[in-house]
Structure formats: structure tokens, C-alpha cells
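Protein chains: 2
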Amino acid sequence: MCQLLGMNCNTPTDIVFSFEGFRRRAGLTDSHSDGFGIAFFEGKGVRIFRDNRPGHSSPIADCVKQYNIKSLNVIAHIRKATQGEVNIENTHPFIREIWGENWVFAHNGNLTDLPDMSESFCQPIGSTDSETAFCYMAEQLKNRFRKKPTEQEIFTAIQDITAELADKGTFNFILSNGEWMIAHCSTNLHYLTRQAPFGKARRIDDDGVIDFRDHTKEGDKVTIIATFPLTKDEVWTKMEHGGFVLFKEGDKIAEVIGTPKQLPDDGTLGCAQAA
Amino acid sequence: MCQLLGMNCNTPTDIVFSFEGFRRRAGLTDSHSDGFGIAFFEGKGVRIFRDNRPGHSSPIADCVKQYNIKSLNVIAHIRKATQGEVNIENTHPFIREIWGENWVFAHNGNLTDLPDMSESFCQPIGSTDSETAFCYMAEQLKNRFRKKPTEQEIFTAIQDITAELADKGTFNFILSNGEWMIAHCSTNLHYLTRQAPFGKARRIDDDGVIDFRDHTKEGDKVTIIATFPLTKDEVWTKMEHGGFVLFKEGDKIAEVIGTPKQLPDDGTLGCAQAA
Numbered sequence: 001m002c003q004l005l006g007m008n009c010n011t012p013t014d015i016v017f018s019f020e021g022f023r024r025r026a027g028l029t030d031s032h033s034d035g036f037g038i039a040f041f042e043g044k045g046v047r048i049f050r051d052n053r054p055g056h057s058s059p060i061a062d063c064v065k066q067y068n069i070k071s072l073n074v075i076a077h078i079r080k081a082t083q084g085e086v087n088i089e090n091t092h093p094f095i096r097e098i099w100g101e102n103w104v105f106a107h108n109g110n111l112t113d114l115p116d117m118s119e120s121f122c123q124p125i126g127s128t129d130s131e132t133a134f135c136y137m138a139e140q141l142k143n144r145f146r147k148k149p150t151e152q153e154i155f156t157a158i159q160d161i162t163a164e165l166a167d168k169g170t171f172n173f174i175l176s177n178g179e180w181m182i183a184h185c186s187t188n189l190h191y192l193t194r195q196a197p198f199g200k201a202r203r204i205d206d207d208g209v210i211d212f213r214d215h216t217k218e219g220d221k222v223t224i225i226a227t228f229p230l231t232k233d234e235v236w237t238k239m240e241h242g243g244f245v246l247f248k249e250g251d252k253i254a255e256v257i258g259t260p261k262q263l264p265d266d267g268t269l270g271c272a273q274a275a
Numbered sequence: 001m002c003q004l005l006g007m008n009c010n011t012p013t014d015i016v017f018s019f020e021g022f023r024r025r026a027g028l029t030d031s032h033s034d035g036f037g038i039a040f041f042e043g044k045g046v047r048i049f050r051d052n053r054p055g056h057s058s059p060i061a062d063c064v065k066q067y068n069i070k071s072l073n074v075i076a077h078i079r080k081a082t083q084g085e086v087n088i089e090n091t092h093p094f095i096r097e098i099w100g101e102n103w104v105f106a107h108n109g110n111l112t113d114l115p116d117m118s119e120s121f122c123q124p125i126g127s128t129d130s131e132t133a134f135c136y137m138a139e140q141l142k143n144r145f146r147k148k149p150t151e152q153e154i155f156t157a158i159q160d161i162t163a164e165l166a167d168k169g170t171f172n173f174i175l176s177n178g179e180w181m182i183a184h185c186s187t188n189l190h191y192l193t194r195q196a197p198f199g200k201a202r203r204i205d206d207d208g209v210i211d212f213r214d215h216t217k218e219g220d221k222v223t224i225i226a227t228f229p230l231t232k233d234e235v236w237t238k239m240e241h242g243g244f245v246l247f248k249e250g251d252k253i254a255e256v257i258g259t260p261k262q263l264p265d266d267g268t269l270g271c272a273q274a275a
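These protein sequences, in sequence, are chains U and Y.
The letter at position 68 of the first sequence is residue 68 when you use full-length UniProt numbering, and the numbering goes up by one with no holes.
The letter at position 124 of the second sequence is residue 124 when you use full-length UniProt numbering, and the numbering goes up by one with no holes.
Quick caveat, the hints were computed from the structure, so don't treat them as lab data.
Check each hint, because a few of them may be wrong.
Which copy? The list can't say, so a pair holds if one copy fits it or any two copies do.
Using 20 Å as the maximum straight-line C-alpha spacing, the simulated EDC-like pairs for lysine to aspartate or glutamate come out as follows [said to hold, decoys possible]:
no., residue 1, residue 2
1, LYS142, ASP116
2, LYS221, ASP211
3, LYS148, ASP116
4, LYS147, ASP116
5, LYS142, GLU119
6, LYS221, GLU234
7, LYS148, GLU119
Pulled out of the complex, with its shape left as it was, chain U reads as follows (with noise of 0.2 Å):
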């Protein structure tokens, strides 16, 4: 399946750190090497770059971390293929305009059985699950809301149209639209929340160590959200199954706790098996 990495901050941070160890799993590490992809918010635009090869050897991958762009909100994704051809248009992170804004997912897991999206007006161009759930969510949220609503009921409706989904197989996913970003887990994502006093950090991956000390100033916060942690000497808060939390400005300012994890009825558990 895949793995995913999100960043959500109160300042422009560049997210080479975990980039760098979260590539490394796309054919080093471990076995994600179908395709790789990066979103990063500056204002209401994105910046994306995206492969069809392998996120460790990627020239794209090379461009990321050589202009080390700053953003407040950052969408990765590597992918091991489970549904649809190894191609850029079934590559993740997937962008939609939603309401003037623009949208921007990424999903670990494996959906079958979706509604029919062939007909309706946000439909999928690739031959993904994943972009085919993002496109229904899409399609019901324009249908529920003309017009943007406030975020709290952007959070719930999230929550309602995921259950809709939620008997159709593992659904992790990371959701941002540049001001706030929103993680729900089915299986495997944890998260952690770096402020001062700040420290230092080393990556499960290759051991590069980084002293934030060195990159950050007073007030400044920075969540990262992982399928796993990618760090061994911080501390990653896992999500229950069904959980949900909205951050914004690297706060978490909405929750839903959910269970401890249960077996989806197909038996599989996403990216947990592969790692």
C-alpha cells in the first residue's frame, strides 16, 4: 500500500528532516517504490511534484530537497501500488478545488466496493481507490455546502462521509486545504508536536540527527503526522482506529478518539503488514 507523512506549523519550516528519512522507505528501508509524490501550500497555492519512480532515487525527489521550500502545510505520500497502474495520475498526494481552495490528499489503505463516480461532477481521472474516495468526498461536501461553512463543520461532515466509507476496507488519510490539516486513522498514524524548548532529533532511517535549536525560534510549532514514526528519541503519539484530529498552526484544536485498533473484516491492515 503505502505510507504517508504530513506537516502542519505556525511558521514556514522546510520538511527536508523527515522527508529524507520518509524516502528512504521507497526502496531502501522499506519496499514503497511505486511512485512517490509532495504537496506544499504556499498561500492558497500549491507547489507538487510527483514520480512515477521510487522516492529514494527520484531526480523530482533530488529538486525537493536541493530548493528546500518552506511551507505551513505539507502533504508526502510514497506509494505501493494495491489498485491501478504505477503512473503519475495514480500517484498521491490528489488535489481538487473545493470551494475556491485548494484541497490536497493523500491515503494509505485499500477501498473496494466505492460508489460509482462516472457520472458525477468531480469524478477520477486515475484508476485509484484512493482518488476515487477523495473524489466522493469532494462531490458531497460541494453538494452539502455551496458555499465554504466554518471548520468545525467542515470537520464533521469529514467524519460522516468517512463513515460512509468506513466498511469499504482501510482508510488512512491526511487532508489539507492550507489552513488546517485533517488525519484520520483506520490502522496506522501517529503524530507528534515539536515546540520549546527544543531538542534534538535522530531518524529511525539512516540516523541523521538534526538539533532543532539550530532551525527554530521561540513560539514556533511544528506537527509532523506519519503511517510510522520517523523518529527513534522523540515521543509519537498513535492514533486509535477512528480517530480523527484536526491541527492547525501545528496545534491540535479538534479531536476524535477512536478505538484501539480492530481488524478491518478483510482480514488486512494497510501498510502495517508491510512495515
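Dock chain Y against the given chain U, drawing on the hints supplied.
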């Protein structure tokens, strides 16, 4: 305003020769320095690179040059802002999903009094007239046809919708769904098709020379569309005011010939005055 560049071919082709001349107009040989963007179709997917820095000096544009991406359909744009801030969300080309395809659109000109799209299904994200016009087009197309109609029906519908916007100002555009490319001329748009026997070409902007015999094979067809010609020793066809051309696999497969150029009511000529 801006300048447009499009490429439509029957074999995956790299656009570096044309793009290298074109991007010099973004600050060196001309003043279109308010950002640039370039979108490469790859199957139904799109690789898109945008920067709010000038195309001639953007590291993202260097990255595009370096990776030598080959594609059947490419649309690029260098911006001289008229409406909307200089930022990523206002940077062409714009993308929307229509009938399960990526549609890519770039505009040169200036439109006023466009329809209010603030409660429509397809809303603009940035503040340009160009994106609003493209959203209007997308909304109209989706409302007319629930599923993708024939190419001829699309070509006719695009002409109808463009006619509805004709009195709003200058509206040169290039549009592609990855299969075909449509060019519409309001004031300035030129094209040429390269095919056997291939020869040499010299760029207008920096005298760079290429011998296409070193890069092509018998049967290749590559159509280049640009606001103004990019080479000095090839014959470019100047489109007329109100003209439409539909290209597919490098061939012109349908055309509406316009009338000799007329000044729009507001007296502006789009990029013509800046060239």
C-alpha cells in the same frame, strides 16, 4: 500580460529548445517576469511546475531543463500580471478535472466583468480573470455534457463558450486534455508544425541553434504554438482574430479561421503592445 507556449506531437518530445528561448522573455528579452508555469502531460497525468519568480532565473525552471521531460502535450506560460497578485495560485497554467481528465489552460489577455463564480461548482482559487474564465468554461462544459462527448462536440462547445466571453476583453488561450490541444486567438497566436524533412532552426531570443535531424525520426510531427514566433528561420502561421485550431498528434485536425485582427473595444492588444 503574458506569453503562451504550447506543444502537441505524435511522439514524446522534449520542449527544452523552445522553452529555453521562451523563458528568456521572462526578464531578459522581454518583461514577463511575474512567474512562470509549465505543465507536461504524461498519459492522463500531469507534471506541473510553477514559480512566482521570473522564468529566466527560476531554479524550478532550471530543474525542468535538467530533467528533459518528454511529453505529447505541454503548455507553458510566462506572466506579466494585470489582474491578481504575483503568487503561486495566480500562476498559469491552471488545471481542472473535466470528465475524468486533467484539463490544462493558459491565457494571454485581460478580461473584465466576468460572471460571478463564487457559488458555482467550479470556483477560482486565485484572483485572476484567467482562472475565472477557465472555471466558467469548465462549469459550462460539465453542465452541457455529463460524460465526455466527441472531440467535435467539445471543439464546438469551446467556441460557443468563448463567444459568450468575447466581449469581456482579450482572450488568447491554449487548452489541452492530454489528447488534443486547442488554440484560440484574440490578438496574437502563432504556430508551426515540424515534420520531415527536418532541418535546423535558430532561436530569436538568444541565437541558439538546433538541428532537428539529430533529434527526430521519419514520421515525427511536432506542432509548436506561441504568442510570438520563437525561431527566425522557420515559417510560422499567424492566427487571425477569432480563430480556433484543434491539434492532435501534431496535426491540425479542425480549424475555424478568424478575421483580420480588430482592436477590442477597450483598445488594448494584450501582449502585442509589450512585444
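Outcome of the hint check:
In this assembly of identical chains, the alpha carbons of LYS142 and ASP116 lie at most 20 Å apart whether taken from the same copy (17 Å) or from different copies (17 Å). For a Cα distance limit of 20 Å, the shortest separation of LYS221 from ASP211 inside one copy, 15 Å, qualifies, whereas the shortest one across copies, 55 Å, does not. Taking the shortest alpha-carbon separations for LYS148 and ASP116, only the inter-copy value of 16 Å comes in at or below 20 Å, while the best intra-copy value is 25 Å. Proximity of LYS147 to ASP116 under the C-alpha cut-off of 20 Å is restricted to the inter-copy arrangement: shortest distance 13 Å between copies versus 25 Å within a copy.
For the identical chains of this complex, LYS142 and GLU119 are neighbours both inside a copy (15 Å) and across copies (10 Å), given an alpha-carbon limit of 20 Å. Within a single copy, LYS221 and GLU234 get their C-alpha atoms as close as 15 Å, which meets the 20 Å cut-off; across copies the closest is 57 Å, which misses it. Proximity of LYS148 to GLU119 under the C-alpha cut-off of 20 Å is restricted to the inter-copy arrangement: shortest distance 10 Å between copies versus 24 Å within a copy.
The structure is consistent with each of the numbered hints, conforming to all of them.
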